[in-house]
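**Student:** Next come the chains, spelled out residue by residue.
2 protein chains.
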Amino acid sequence: MGAAVVLLSGGMDSTVLLGHLLRGGTDCRTLSIDYGQRHVRELDAARLIAAHYGVEHRVADLSSLKPLLAGSALTSDDVPLPHGHYAEESMKATVVPNRNMLMLAIAGAWAISVKADWIAYAAHAGDHAIYPDCRPEFMSAFERALYLADWHKVRLVAPFTDFTKASIALMGVRLGVPLHLTYSCYAGREEHCGKCGTCTERREAFALAQVIDPSTYEA
Amino acid sequence: MGAAVVLLSGGMDSTVLLGHLLRGGTDCRTLSIDYGQRHVRELDAARLIAAHYGVEHRVADLSSLKPLLAGSALTSDDVPLPHGHYAEESMKATVVPNRNMLMLAIAGAWAISVKADWIAYAAHAGDHAIYPDCRPEFMSAFERALYLADWHKVRLVAPFTDFTKASIALMGVRLGVPLHLTYSCYAGREEHCGKCGTCTERREAFALAQVIDPSTYEA
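Heads up: the protein sequence lines correspond to chains S and X, in order.
For the record, in the first sequence the residue sitting at position 93 is 93 according to my numbering, with numbers rising by one throughout.
For the record, in the second sequence the residue sitting at position 135 is 135 according to my numbering, with numbers rising by one throughout.
Chain S with its partners taken away, still in its complex shape (with noise of 0.2 angstroms):
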């Protein structure tokens, strides 16, 4: 019920949490952040399951803001991507400097703009270890803030703070979400690399969940 703008990168996370809200009866807005990543091609899943679904799709466009985000793995060419699990240190290198703080306070200003009463987000626990702005308190102090910077109060939903990527992929199954239309790797190629920190988890979740893994990986 009510109305939400919900941030749909293209993966699976987000796209597990759109099917959830819909079903429930969500009147649901999708915005994508083109913030210069590799793997722009995020962005084509993202307006591809947003067709599937007949929700309204946008795309803040902030590829402009590059240089001010430079020394991260998924912004700049001369870093280079790390492999493995997200809860290694190496992995540190694809955090996108206040990346989270700026994809809300978009999806903040538009749900003011068009008063929605929240703003959705997927960020689950697999986040934790590396993205500080995936955790909980960050979260809780996000949607302080935002809560206050408006007449109209916006409210943050982050159902999965707690979830497993497991959890989400079979969440995702029993919803029956066209999880075959998500991409999430960070290599950006046309078919998912199978190896980088997304990929790794991805493939991790599918088999712990002991669903099928409709995505088709390069190795």
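Calculated directly from the structure, the hints in this document are not laboratory data.
Any given hint might turn out to be false.
The list cannot tell twin chains apart, which means a pair is met if one copy fits it or any two copies do.
Quick list of in silico lysine-lysine cross-link-like pairs, BS3-like style, CA-CA up to 27 angstroms [what the hints assert, rightly or not]: (1) Lys115 with Lys66; (2) Lys195 with Lys66; (3) Lys66 with Lys153; (4) Lys195 with Lys153; (5) Lys195 with Lys115.
Remember, predicted model here, so these are calculated numbers, not experimental data.
For chain S, the structure is supplied; the task is to place chain X on it using the hints.
**Tutor:** This is chain X only, laid out in the frame that chain S set:
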């Protein structure tokens, strides 16, 4: 001391803040935001002010977000610009959805990227009545979110939150700040209109501070 990213609109308040921080020996970078405002003229003023002080200046281009920020007289040509004091109800038409959080989030991103200690923002007491996102409660909540957003800790410096604009004008004169270069009119023409909200506040501030107003007004 230390390093700061200073949000520089090109108006009087942020210019005095820059002068104040430089006088104290802070290493300052300056950031202006193009959010599709009518008064894009202020960005030229910001460039001249940064050049005057010999500090780095960047403009973050958010003009592509304009469709998401609908409904404000500052970004929509079909919403008329109100005249008079900030305290008046009509002035709420100049609120741009979540504008300050967006600007602060970008400043925070750049600060994290270059490992600066602070972001500095010149909100003052006269803004509180109509702009919730200029109030101390919002600033505190935002600062906490920013502090939690990354491994590198950035604080928010907003020393003018309890200052009147007249105090800022007086401080600017005492510090030898180039107030003649500042521009803040919402109408966005070459000279200050003299009638919009910021012009009304600006004229009054110089009069109350009993210092010379270096601005040229149309009316």
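**Student:** Hints first: check each against the structure and report whether it holds.
**Tutor:** Comparing the hints with the structure gives:
| no. | hint | in the structure |
| --- | --- | --- |
| 1 | Lys115 with Lys66 | between (30 angstroms within a copy, 16 angstroms between copies) |
| 2 | Lys195 with Lys66 | within (25 angstroms within a copy, 38 angstroms between copies) |
| 3 | Lys66 with Lys153 | between (31 angstroms within a copy, 21 angstroms between copies) |
| 4 | Lys195 with Lys153 | neither (42 angstroms within a copy, 31 angstroms between copies) |
| 5 | Lys195 with Lys115 | neither (41 angstroms within a copy, 30 angstroms between copies) |
Of the hints listed earlier, those the structure fails to meet are numbers 4 and 5, in rising order.
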